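Combine the two chains into a complex, taking the hints into account.
For the record, the sequence lines run as chains A and B.
Straight run, no breaks: the first sequence in the working numbering ends on number 447.
Straight run, no breaks: the second sequence in the working numbering ends on number 1034.
Hints are supplied without guarantee of correctness; some may be wrong.
Taking CB as the label site, the calculated pair distances span [claimed, not checked]:
no.	chain 1	residue 1	chain 2	residue 2	range
1	A	Glu48	B	Pro707	50 to 58 angstroms
2	B	Ala804	A	Ala59	34 to 42 angstroms
3	A	Gly69	B	Asp726	19 to 27 angstroms
4	B	Pro796	A	Ala234	44 to 52 angstroms
5	A	Arg71	B	Val704	18 to 26 angstroms
6	A	Ala59	B	Asp726	36 to 44 angstroms
7	A	Phe200	B	Val704	31 to 39 angstroms
8	B	Pro707	A	Ile259	30 to 38 angstroms
9	A	Ala234	B	Ala804	29 to 37 angstroms
Selected chain B positions facing chain A (in silico; Cβ < 8 angstroms) [to be verified]:
no.	residue
10	Met981
11	Met985
12	Gly986
13	Asn1001
14	Gly1010
15	Gly1013
16	Pro1018
It is worth saying that the hints were derived from the structure and are not from the lab.
Note that the coordinates shown come from a computational prediction; the quantities given were computed from them, not determined experimentally.
Where is the CB? At the ideal position from N, CA and C, for every residue including glycine.
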Amino acid sequence: MTAITKKPVNPTAHLTPEDIEQLGIELDAIRQEVLDDRGERDAAYIRKVVDVQRRLELASRAVLLGSALPPLWVLGTVGLSVAKILENMEIGHNVMHGQWDWMRDPKIHSTTWEWDNASTADGWKHAHNEIHHTYTNIVGKDNDLGYGIMRVDEDQRWHPAYLAQPLWNFINACFFEYGIAAYDLELGRNLRIPKEKRSAKFKADLSKTLKKIRKQATKDYVINPGLAIPFGGFLPTLAANFTANVVRNLWSHSVIMCGHFPEGVETFEKKSIPDNETRGEWYLRQMLGSANISGSKAMHLMSGNLSHQIEHHLFPDLPSNRYAEVAPKVQALFEKYDLNYHSAPLPQQVYSAWHRVVRLSLPNGWLATTNVKNLPEQTKLLWAMSTKGPKIRRAAAARLQQQARRLEQAKDVTTAA
Amino acid sequence: MSITVSTVATRSGPGRSLRDSLRRVADAAVTPLSIDDVLDVFHPLRRGADLRARIVEVVHETDQSATIVLQPGRDWSGHVPGQYVRVGVDVDGVRLWRTYSLTHGPRADRRISITVKAIPGGVVSDYLVHRAPVGQMIQLAQAEGEFVLPQPLPDKILLVTAGSGITPVIGMLRNLYSRRTPPATDIVLVHVNVDESSAIFRDELRALGSTGRITLVERYDDQHGILEVDHLETLVPDLDERLAYACGPAGLLDALEAHHAARGLQLTTERFRPHLVEAGEGGTVTFASGTVVEADGATPILDAAEQAGVLMPSGCRMGICMGCVIPLKEGAVRDLRNGAITTAVPGETGPGGVPIQTCINAAAGPCHIDH
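Okay, chain B solo, but in the shape it has when bound (with noise of 0.2 angstroms):
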């Protein structure tokens, strides 16, 4: 399914537009800034302005869950139900990216939401949980993602999510359930979960379940005992005649796809991406230009880079100048001074990297640098 992006506006003719032109006049009257600098700090969810939002309410699912309603910026493109979004949040002072689901399907307030579930020693996911408040700004991304119903929707469809995997699916039952006319649809969902204290949406689920709009399996690990995706059949008797999705942990997901293969069947699932940097002693630095350096962990990058050939900006190779930043896109970084470590996601850091000083941080594991 395509998402619909806003292209630039089409000039009309060969002259410049008055629009145009008045921006250039008030570029021009605020330079160094651009006019969109200054209309920032008036109303920064303007059409035209970076894509941000405004967090509008913050509730509660579980103890460790919450849902996080979100005004997005007039430019926000809208979204299908099943797609994720990338988040940008400044958790004590620091920006951090990171990706959710969106939990509700268009609304007709042009809200959005995103259902978090607090992770142990996750930074964001417990900020946003715990202590973001109403009120605060945040940085968006347009909608992306596959994990999304076909249309026209099949007779029968299986759902299958284990934990905040329940998120992207919540958003595809709300918006099917909340239409004038609810689908025919025969929709099975298995909702896996710890115990039932920790099952996001659970009342909601089963108020679906109840009357009968989707014939919801309920399971907990501490009643049931983890689910075998063996036994699937026997809770979901047709299972080869429905069309599949699956979210949740790696492992289920894994098990699924096998089990799904092994008979033929389709499956679509959706992986919540792990933490896989890990920070180590040294390592290969990979350039832009595909230029590999080996470097260990006590050379800074710089160093590293310089005597295998690299031509690096740089400056008072002293860690005051900031004449060596550039981008570390993913993997990990020692600094040197201090042995802070710095790490670079691709999806969870900002969209151009980590900008690193490479003069004083050396590799800690394998690093790619935009340079």
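Same shape as in the complex, but just chain A (with noise of 0.2 angstroms):
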């Protein structure tokens, strides 16, 4: 992608300043209308969640005390799987987000919450509530843009080491929720101080993260699998915990991937924001910063409704039930000041969100060059691009850029006639 400013087109182009400021207006409209009728409903509704969950996991856990018997290690573990990510995505995000605060229940409070994840709760409101949510897709600012490990952005110079990014990708995927400790930490940053300069908040964060990674491996790893013993059950109940946690994994990451990641999804300069961003230019970053995940209701609920990413981008502190209804006006709003609604269902938001890792892990204009015939000769580009230094890593990647842009041309040719 490249920052919106940078674009030969902006898709912001056509909007007046009041437009925008009435934009907010429309969009602050939508947010009244649910806050005055938030109520009865929406509690029993989060309650039903959080008892539904509890249950699962329980019955769970207690299936895979048989875990032996390889019927019931399946059953246990899909069942722990979608415990875990009901837990983490519908409940956990959405309580921190301080989504269910109004209720004024000390049990299902944003303050209060602790999640079935490495990452701390304080950490991750700090990173996420604040920093991701203020900031969306903001390049130098928005850490969860890459989680700082990845070429994102056509403008980032391109370095061999991109190659590697889809193996990082996947793996990061796999053990998302220690990518997310990580990253909440700030952990590449700090490390890169020199011991005794670290602050030490950095140093209290990371212990509290540590205590919570042990607590949380002591019980997937040891107690639950040790409550197990007498069936004969400690490795595949192991093994099933482990599992559900890398499925849950998977899921989260592809589910956050296809919130801001797909393709047409776009990015902002630093310095484009001003100092001084109104309510109306923020909601406008918003809408296009995000993508949604079209679907059934069943997962909206298990993406924690993140499959209604705008919606929940405009408005995180709403009840994430609500996010299904106020979409269709959602998108009426971007109809009536002509901005691109995006929204596919999840295999196509996933392939274009990984389509865009793996075009930017190679420099520019490189995959759309490429065909079958000359495949050998690009491979061979590459090799040089990687190992001959950065003279001629510059060299070719303006070749590479002209000639995707000539590619490029003569395609809008094609089409005009």
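Take a look at the structure:
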């Protein structure tokens, strides 16, 4: 992707400042409508989800005591995976967003909730709620863009190390909870600082996170397998817990990647964001920087309603069960203001997000200029770019981009004709 | 009179008991939850759970009042008739706390009851009287209050109640007259109401009166006019010999206190706390540290506090990250995005106050913040 301000056609160019403020007012009105109606039905919903999740997790863990028997292993593992996904997505993520704070129930409150994940609630709330939701898709400010380890923008200079980025992304997906914990701690940045110069806050947070990871691992890999020993199920239970964690990690990684990574979702330059960004401008950035996943009710539930990523980013503190209800109104506003409401089924969005990861792991223009016929030649070029030093790399990159541009122009001519 | 509060189990020896060890294992098996969170799903009224109660019966007393019979959790430590209890009720999904008198003495079935009069505009009282379904769980605190009869009982007692002020007194009377040997105490009850139809427990009190257990003096504003405390002596000639207890609206209690003080008589009163929080524009924000900050009605509390040098938790400063949430113990604040008012009244809102986002809320009157 390319930051919105560097695109040949800025998709917001047709909007006047007055339009943007009016858009903000109309979105505020949608929010207010939900606030006015929020009540018993919503409270009953989240209590039901919490209740079902706890029963499901307990039942799955009970089944796993007999996981020495393969059918029980499968049943328990599926149940536990679903329970963990529900806990992280529809419950944890949304409770920690303060979506249910209005109920004034200390048991379902952003200030008290802790989730079944390696990262601590406090660390996550800071990195996610504060940084990511405030600075959504601003290159250099929103660490969710590539988690600081990936090339997510054409403007980031390509380096051969990025060739491994699809692999990194996959490994990150498998162990996503640890990835989140590391990135909530800004581990990479902090580890580069000499040990004695690291801030006291970082040290405290690190020790809290390590403690949390130890407790989580003790639960999944010691206590619960231990309980299955009398039934001969230590290793099967351990494997089941590990599998459930990986399934949950892969799933949440996929859903989150679909929220901001698919092709066509906009990014923003740090310097293009005014210091005193208005509410309307902030709304607009959220609208362009998010993508939805279309699908069934079950899909929405399992994604924690992050399938309504656009609605979630506009109204992060509205109860998640309301996103589906406001979606048609939000979509109507996209149409009214002639903006692209980015929504597609899960496989399509996952493919699109991965396509971008792969494309950007390669030099700009490489993928576009490669076909079956010139593959050996292109591979040789890539090899040269990776091994023969920065000078060759820069020259080849410039040529690739030129070729890609020409190809693009040729395509335009054909379509026009 | 003291209330026995269950004390934390004392440790028998230097080592951990088996029970503690099991608990640690159970907690470790369900972290980040505690085993209590899991057990709550199945048995919310068990011993060791947060104190709650289930509504088992709603008995309508008058058009606008009802007795809510509750099955409290196993950790309920009991009460003395005349005491009150704080209850947290989820109304339209929002947990609101109120205080009501307990209207039964200790019962054999361990149930307790509160009697609620729906007051105009009263969110919780209206809900409990007209909408609360049997089976609903509510939150509970232990019984409190000093409005209880002395032991041993004096020879003569005067009880003065007005409206729902009867609620602590009915608990006392039910307790006294459900005993195998009723007390020898001579009790006069002056019960004041607007009219007969709104008199809670009217028939039950009349039955106590007609069997000679108490002397009941019914006073209805529409028949007898407003009760003047100076005329109390004509209703109760041996007023000076009686230990007096009164419960009702502030006006009546103030007058009675003045009246009894002037005569050198002892009087115990129970006051219903009125809603004192009125939303205004701006106000002083007092912090737990004692710092007081002047905040106008257009400035978020976070900004006002920071300008005054208070170290505040903060985050996005636009109302989305919940990084600045701290409890409002008392007062009112206004959401600057949509004008919505949030109030906290000690004793009525949750024990820890109401958590608010300081970055988008401005003071709407004097506020006390627990930070």
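Hints versus structure:
no.	hint	verdict
1	A:Glu48 / B:Pro707: 50 to 58 angstroms	holds, 54 angstroms
2	B:Ala804 / A:Ala59: 34 to 42 angstroms	holds, 40 angstroms
3	A:Gly69 / B:Asp726: 19 to 27 angstroms	holds, 26 angstroms
4	B:Pro796 / A:Ala234: 44 to 52 angstroms	holds, 47 angstroms
5	A:Arg71 / B:Val704: 18 to 26 angstroms	holds, 21 angstroms
6	A:Ala59 / B:Asp726: 36 to 44 angstroms	holds, 40 angstroms
7	A:Phe200 / B:Val704: 31 to 39 angstroms	holds, 37 angstroms
8	B:Pro707 / A:Ile259: 30 to 38 angstroms	holds, 32 angstroms
9	A:Ala234 / B:Ala804: 29 to 37 angstroms	holds, 35 angstroms
10	Met981	holds, 7 angstroms
11	Met985	holds, 4 angstroms
12	Gly986	holds, 5 angstroms
13	Asn1001	holds, 6 angstroms
14	Gly1010	violated, 15 angstroms
15	Gly1013	holds, 6 angstroms
16	Pro1018	holds, 6 angstroms
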